[in-house]
Amino acid sequence: MHYEAPIREPLINGDKSYHDITVDVAAPVESKAPRSWWIVFSLALIAFLWGIGCILYTIGVGIGTWGLNKTVGWAWDITNFVWWVGIGHAGTLISAVLLLFRQKWRMSINRSAEAMTIFSVIQAALFPGIHMGRIWLAYFVFPIPNQFGSLWVNFNSPLLWDVFAISTYFSVSVVFWYVGLIPDFAMIRDRAVRPVTKHIYKILSFGWGGKAKHWQRFEEVSLVLAGLATPLVLSVHTIVSMDFATSVIPGWHTTIFPPYFVAGAIFSGFAMVNTLLIIVRKVFKMEDYITLGHIEMMNIIIMLTGSIVGVAYITELFIAWYSGVEYEQYAFLNRATGPYWWAYWSMMTCNVFSPQFMWFKKLRTSLIFSFVISIVVNIGMWFERFVIIVTSLHRDYLPSSWTKFSPSFVDIGIFIGTIGFFFVLFLLYARSFPVIAQAELKTILKSSGENYKKLHDKDGH
Amino acid sequence: MATKDKNIISALYDDDDVLLRGIKDVRDKGFDVTEVYSPFPIHGLDPVMGLERTRISMAAFLYGCLGLATAISLTYGMMVVDWSMNIGGKPSFSWGENMPAFVPIMFELTVFFAAHLMVWTYFVRNGLYPGRKAQNPDPRTTDDKFLMEVDLGHGDKDQLMSLLKDTGAIEINENSK
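Those protein sequence lines, which keep their order, are chains A and B. The working numbering numbers the first residue of the first sequence as 1 and each following residue consecutively. The working numbering numbers the first residue of the second sequence as 1 and each following residue consecutively.
Isolated chain B, as found in the complex (with noise of 0.2 Å):
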């Protein structure tokens, strides 16, 4: 055992509020949780395990910013440089008097750019990809169990197991990774 590296010991939980709490408990001892596998969002996980805020709607916004740069290149070099036409007698050589005519390109492209451009990026982060392995070591953890992974460090192997049943595990396994 001593080639690897993490020592996992994996609990399973048949409720998110028990779950939580042996989270809590875990961590008091100064245990690390690596992962949980839920098969539903847990309200208040985040802030127990120590996750923190993700920045994707930060990225979202960037990617709203480039799709409205997108949009104005678009009209601006269509409309106005390259083949300006007179259309009904509208100012169109000039983007700033025609710029109202455009706002719907504008607004659209940007909520195009934001939407993919996040959904993709959601995709990579969490290494999502059509025919992928499923993620979760366990397949009950999509219908209704609640799976914990402890990394074991240097500590007490016997009483994080201990621990572990303390807190309403309904099954503890040991696994090493």
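One chain only, chain A, in its complex shape (with noise of 0.2 Å):
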């Protein structure tokens, strides 16, 4: 019953036993928080107020504070929204399509990988919002009661659909996330000392306690839920990658768009998964749960995507020169040998050579290694939709109005404000939410825990 080949690699490392799990997950909860963990936490705060001084600046002054001109009216806040919402997606690939392909190496780190969606999907959110400029008329967006103007929405545009995506996206991958947590934040209840603490968790935990009936509804609840978040998460990137699709732009106008985004959105998401997961399992001993095999794992996964990516590069050059069409070719030689040749170039050496490393088994298995291939992925995937919305338009139709673009303080301090953003919300949850899915992981300890493997060889079965 609790049966796994031995050629499979234990996945829970050491000499663990239920009880073992609970206190180790809990251990971050419970414990006082390391100096780094506040060092890192003030560094990201002040960033993240300076993001809301640079976004308040916007709201108060307009949109001319950022770098944008006539010819290039979207540029890093288009950026970063896509490159936010492309991390976002490798939480929902491990923890929904992993989940239905049984793959049981997701479940030491599908709590932290959807947790990283959420936060990233926030960062995300805020860039159309800040955008429309007049972000007190922002509910404009839903399909609202006719006396607000004598519209409604309109349901044909690429841009409406991307509000349905995201909010869909967004609050699927919350209560998927949160279903999945509960009987979690029950085991912190149970073992919490402090009153307050206790309190918290009991309101957190919804008075979960494990009956049958439960377990058995949570189990089908998780299985249909990855079931709607699998084709939900390919519909989000394809979504946002329509927003370029259907304008009659050069460079943006083409049918391979839609995977070509999915593929590099689960890129960038598993490279940033490994860029906090190697930080985690060392700041909080987890290097039993998280093991050196889950790294390369995603080294793989980001090696196989990022070849997917490098492919639809090609094939893109390609086409645009099969086409015939003139515009189509410049677009792509003045991506490649134009003013923005080196964002282009960096694009094609993070996203398509930097990868292809990972070949090697020494380099995959590489802590160290992985951790800079994880930075230069998420820098090559920012280059990457800097490339597609910035070189496309830089150069339009009429040379008079060819410009350049070149980015306001304003501009760099909301991306640096997201990112600030962003690692506030990991590091509080990292101190107070069970990083690791604790009740999940428990199914798993005697078929793929390595005392237990060791156990069956010795039996003989």
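Just so you know, these hints were derived from the structure itself, not from any lab. For clarity, every value in this text was computed on a predicted model and none was experimentally measured. Cβ coordinates follow ideal geometry from the N, Cα and C atoms, glycine included. Among the hints, erroneous ones may be present.
[Stated by the list, open to error] Calculated cross-link-like contacts (lysine to any residue; reagent style SDA-like; alpha-carbon spacing at most 25 Å):
#	chain 1	residue 1	chain 2	residue 2
1	B	29	B	44
2	A	362	A	310
3	A	104	B	20
4	B	157	B	7
5	A	458	B	17
6	B	133	A	193
7	B	29	B	173
8	B	90	A	159
9	A	458	B	20
[As the list claims (entries may be wrong)] Chain B residues, not near chain A, derived (Cβ > 10 Å throughout):
#	residue
10	17
11	29
12	62
13	66
14	68
15	82
16	97
17	115
18	168
These two chains come separately, so use the hints to put the complex back together.
This is the structure we're talking about:
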């Protein structure tokens, strides 16, 4: 019943019992924050406050504070939006798609990956909001009754599809995450000593008691949510790519965009999961649960999706040439050799070249190398969006309207602010939430725990 | 004790496999296992306890249909009936011909309704809400212990007690509900 082939590497290292898992997962919540946490948290908070200042300045003065001009009407804001949404995709992929594929290694990383999803979608959602200019009219994006104006929203528009896709994605991710969190909050509640802590986790755990029927429903709900979230996550970046693909702009108007964007999103998201978890496993001493095997698995996915992205870049180039449309051809020639050549080649180096190192087992099982590549990949994916957006726009049809884009300090400040906000949320999460889905992890202890696997070997079955 | 309609004996176990065998033995002897509290979902518990399959996925399907119907009525009502416009020469006056442009909305609302209403159903059916008192009688059952509650009914108490001991229970308590 608890058997798994001996050739599979254990997913939980060390001589662990159910109780050890409880203690190890509850430890970061029950202990005092280390000094390093306070240092990183303060830095993130300063960046966040700076970002708030820049956002308030934008709202007070107007979009003119950004580096936009009449040719490049979309730049860092939409770049950052797509970048953050893309990062979010890995969390849903890990928790939903890997659940459907019965990949047990997801269990020790899905909680943090989903947290990352939710926090990065929050960052993403900020950008369209502030780019509206008059943010106090933001409710106009919803299908509201006619007395607010003479018209309804336009359901033919990809921008409206985006509103529905992002809000569905965000809210479904939150409930998926929370349904899984409830039994783990209950575990912390039942261990809590201080009355205040006990009371907080009593509220958060909704009174969960682990009854047989409730677990049965829990598993069914998780499975159905995974089944719903899988097409949902693919639809979100597909719809984001349609913001571009449905406009008649050379370099954007291509049918390859949806799969190419989805692969890129998974690519950057897994890189961000690696960045975060390599630190989390070290700081919270979770090396027995988030093993080198987990990091290696994620590196393999980074390599695979990086290669898909590479194929997409080359296909795009080929189709631009093969289409015979001179505007399309020029758009791509200009990307590679025009004034933004450095952005294009940074993108190519970071996204196509760097993941290929992961073919070597020595490199993909090296923590330092994985960490460096995970940062490089996210820099590359930011440049990908910048290249797609700014270089396709800055040389308009008429040479008289050719411009360049350079960000103002407000553009930069808001971007840095969202990175700060993201880390503020993630650091708070890491100190107060169970960072590993311990209830789920306990179900695989007897099949994938190192000590139990050794017992199986000894018994000879 | 005569006024109580149920006399519950609870047995605590420290291993899921021992618990599963225990439930089987107790049920074979004709006792009714009323509840099991465990720290994680135990594979194979439902058939041993005789639990029926949950219908929550069926509910999710119906909620999804409701979402789809909502999306169709929204797009039809707003874009065709109430205020149809010529947008880029598209067939805006016929829902059927313009339907491909509404597929993303139809999909998203289907997922939205199915997911959220299913989770609400899950909370209501399980009686979960913020601040509710913990449902498990023993706090150790969210850590590494497993609690089985058996209804004594009109059976012999000593027989059940010794049976539970034989199945490997580490603690046996009598509590009336």
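Exercise. Hint by hint, which ones does the structure fall short of?
Worked result: 10, 15, 17
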